[in-house]
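Q: Listed below are the residues making up each chain.
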Amino acid sequence: MIEFRGVSKLFPDGTLAVDDFSLVIPSRKTTVFVGSSGSGKTTLLRMINRMVDTTSGTIEIDGQPTTALEAVALRRSIGYVMQNSGLLPHLRVVDNVATVPVLNGVPKKEAREAALVLLDTVGLDRSLAERYPSQLSGGQQQRVGVARGLAANPNILLMDEPFGAVDPIVRSELQVELIRLQRDLDKTIVFVTHDIDEAFLLGDQVVILEKGGVIAQVGSPTEILTAPANEFVATFIGAERGKRALSIQKTATGDILVDSEGRAAGVLVQQSEGVVR
Amino acid sequence: MNFLIQAFAFIFDPKHYGTANGIEVRLGQHLLISFEVLVIAALIAIPVGYLIGHTGRGRAFAIGFSGGVRALPTLGFMILIALGVGIGLGAPIVALVVLAIPSILAGAYSGFEAVDRRTVDSARAMGMNELQIVAKVEVPLGLPLLIGGLRAASLQVIATATLADYVGGGGLGRFIFAGVQTQDYPQMLAGSILVIFLAIASEILFSIIQRLVVPAGVTAGRPKDVRVKSSRSRAALG
Ligand SMILES: Nc1ncnc2c1ncn2[C@@H]1O[C@H](COP(=O)(O)OP(=O)(O)OP(=O)(O)O)[C@@H](O)[C@H]1O
Ligand SMILES: [Mg+2]
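Chains as they are written, first to last, in numbering that gives the first Met the number 0: chain A, 0 to 276; chain B, 0 to 237.
Warning: the hint list may mix true and false statements.
In the DSS-like style, the derived pairs of lysine-lysine whose C-alpha atoms are separated by at most 30 Å in a straight line are [unchecked claim]: (1) A:K108 / B:K135; (2) B:K135 / A:K107; (3) A:K186 / B:K135; (4) A:K107 / A:K186; (5) A:K108 / A:K186; (6) A:K28 / A:K186.
Footprint (simulated), chain B over chain A, 3 or more residues, beta carbon under 8 Å [said to hold, decoys possible]: (7) 67-75; (8) 85-98; (9) 128-135.
Since the hints were made in silico from the structure, they are not lab data.
Nothing here was measured: the structure is a model prediction, and the numbers come from that model.
The beta-carbon is built from N, C-alpha and C at its ideal position, and this holds for glycine as well.
For reference, chain B alone in the conformation it holds in the complex (with noise of 0.2 Å):
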């Protein structure tokens, strides 16, 4: 308890802040670490997902792909990466790239899956193109799962990032390893505490996009929280 009191103290003290190893420094590069990772991840594993869901191809590859990366530890592939690129921001966000594609290309694929077959053959009938059908049909109608494998990856890669600063990737995990060194208690938990702060922010806001992108039709006549409780397991399970 007293440790956490401290900890709260660590990163209320001003003098945490405003220098090249401030909290708000340390705070931005964590986020934006993230935000390159999510956006880097997302360019890779939407079209291969959308690709996979659409044509009912390469699934067997896509789980064989994700589960192989997710046995993969991260901070020793990191690492591995590090000794190649060597030190700094490019090995930690191949590594968290790596970690954040399965979660977002099970979102993309499952997304689409998830869309009735008949649904898709009729819009198939109507005279569709196969770019219509993705477009109009499978993107906006496959959305909340998408947002919900986002979501996931997300909060991994936020709790990873942590890892970055071991390479001198910089982020929060410089608290955390300054405090493991220097035996610093309450600087190692204030690093956790504004991990753990970032993680429910980031749940906050996809919760909320999930609730918007959830297409109005699919809704309509329904109670809503049977709806929020299905995306919300599904996803769980991308």
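One chain only, chain A, in its complex shape (with noise of 0.2 Å):
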């Protein structure tokens, strides 16, 4: 569990990118922060692991203050994936991944061996292992970033907007593939978008932003699709208009579903089994 307790962050430069926010991030569970740019997303995940130092508040991780441990090794013990994947440019693949368990003093051969593994885990041909991540496609370097923040088995995964700079398919396929490897590894994920489908997607927690970190809504996507905190949030995740907001029509075959421009959407069919989130 992560919580934050009035934190506040204030730039040097005068910039209060987040305001005395509060909130707790349940363990094993996808939260993801949403937000249009600039309402402090990123620096709320970096504060996280002590990348972007708090200016008042606390941060706990299952009830230890995050300043109990050096930064440096809070730092190795919670994984972290970027937009750009951040890899090392002069480093194979397989390095890369093994970066962090050798630093932690496990063996080199030993970390590249587990490291071919999390290739696998993270749906990567073993045969990428020894390229340089200039030799690679956005979407197989950003699989190699997953990988890497999972390397050291970190029970909390912080990712800032991994997907945003892969095209819509790789993305769609990247996202599927992160929703079945958190079904087996079951972290705690932090996850950063501005992107509202996405994060109604992946997020059992969704944590809908304005600017300067205040919280506008937090719930699962069912709570906040169903009951919008306010105008705001009802705006930001497009609930009166578009394809979120459908309507049954009666015709003359049965009842379809349409959007708000009146195109068929789809069908209502019977749920057999499941529950949504």
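Put the two chains together into one complex, using the hints given.
A: Written out as structure tokens, the structure reads:
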């Protein structure tokens, strides 16, 4: 569990990026921070692994303030995946993945073996292991980034718009892959995106942010969709328009769902099992 | 043209070898001075340059210092030092070290600055400490520009080490100064040709090293000549 308690961040230039932010991030679930550019998502994420220091307030991981550990030790215990993968260009894929375990003292050979297994885990062919990052596609680089984030077997994985720079098809592939991974691995994932569809797809808990890290609403996708807390949220999730505002229309051949433009969007079927989050 | 032929005749004349003032002796002295100067300058400039590059602090100081040093007339400076420390190798070495520092300093910090900030950021986020970031990320990725700086410094030092003999430091300058005194143009020219020869050798050596130290992943998947061009034009800036 990660808990923000009255956390603020004032940058030296006077920008108040996060103002008195409090939130509980449950363990082994995916929490998504979503909000428009500059709302403080990255700042919030980077305060968890102390890449950004808080100005006031505390962040606790399983009841321990993050300041109890050395920043370097804390960061090694937390996986971090960023938008441009951030791979080291002069290291081969397998060595990139093995970096943190090697820093932690795992023998190189062993770490490389484990890295190959991780490549399988994230759905990358082992034949890519000896390549350099510049020889991979953007989507492949992101997978390596995820593998690297998982290499030290952290409980927490921080992901900052990890799929922001790949094309929509690859993005949805990666999203599906992440859902599968999370089912197997059960990490506490904190995911940042400005794509509300991605947030609803991946998040067990979705946090909608306004400027200054102000929480507009926290809840499951269902809660937010069915009961937007205010006008801002409703507009942000597009509840009143487009493909989210579906209505039933009776036709000669049966009932269909149409979107706000009147285009057919789907049909209503009886759900046999499974619960919507 | 005549002088040129005579100069080469001077260089290949066996009489000019095997004595205390032999060409091979002066050539050796010249190389030794240049090498010592490069090593000393590198030992000073690389750590300072890395510190500036890593912390991003002190850059203005480095630029100001380099500008000042570059405006310094090396000969006058050398004579000034010689007045203090006396005739011999000391003064030229100090003056040449000061001359060599700016290029190496610039190569060192610009090498670090050329590393993508996001790469450094992600290394830090993974849990590398500052020393590990320097050693495992910034040094290997900054190496091409550092070598570029050393290359420029080496060229400057080899050319300017000619002045060393003015205060009794020896080296190939001996032939030039002796030639001036006796109006022996072929000998002067021979000295110059030998200096040029060393300069070219230095260029070739460093261009090979430069090619070798570019981290493999940086060029992988890109056409080769692009890299060579860019590192050269950057080095020229230093
Ligand atoms: N190092 C910094 N110094 C000064 N201001 C900063 C710094 N980093 C971020 N900010 C400011 O803090 C605010 C929040 O930035 P942050 O990067 O957290 O936003 P974000 O929600 O991640 O945006 P995006 O979706 O564009 O990534 C912005 O106004 C930004 O300009
Ligand atoms: Mg961001």
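Q: Each hint needs a verdict: does it hold in this structure or not?
A: Consistency of the hints with the structure:
1. A:K108 / B:K135: Holds, at roughly 18 Å.
2. B:K135 / A:K107: Roughly 15 Å between the alpha carbons, so the hint for K135 of chain B and K107 of chain A holds.
3. A:K186 / B:K135: holds, 29 Å
4. A:K107 / A:K186: holds, 25 Å
5. A:K108 / A:K186: holds, 26 Å
6. A:K28 / A:K186: Status holds; Cα separation ~7 Å.
7. 67-75: holds (count 5)
8. 85-98: holds (count 8)
9. 128-135: Per the Cβ count (5), the hint holds.
Consistency with the previously given hints is maintained throughout, with no hint failing.
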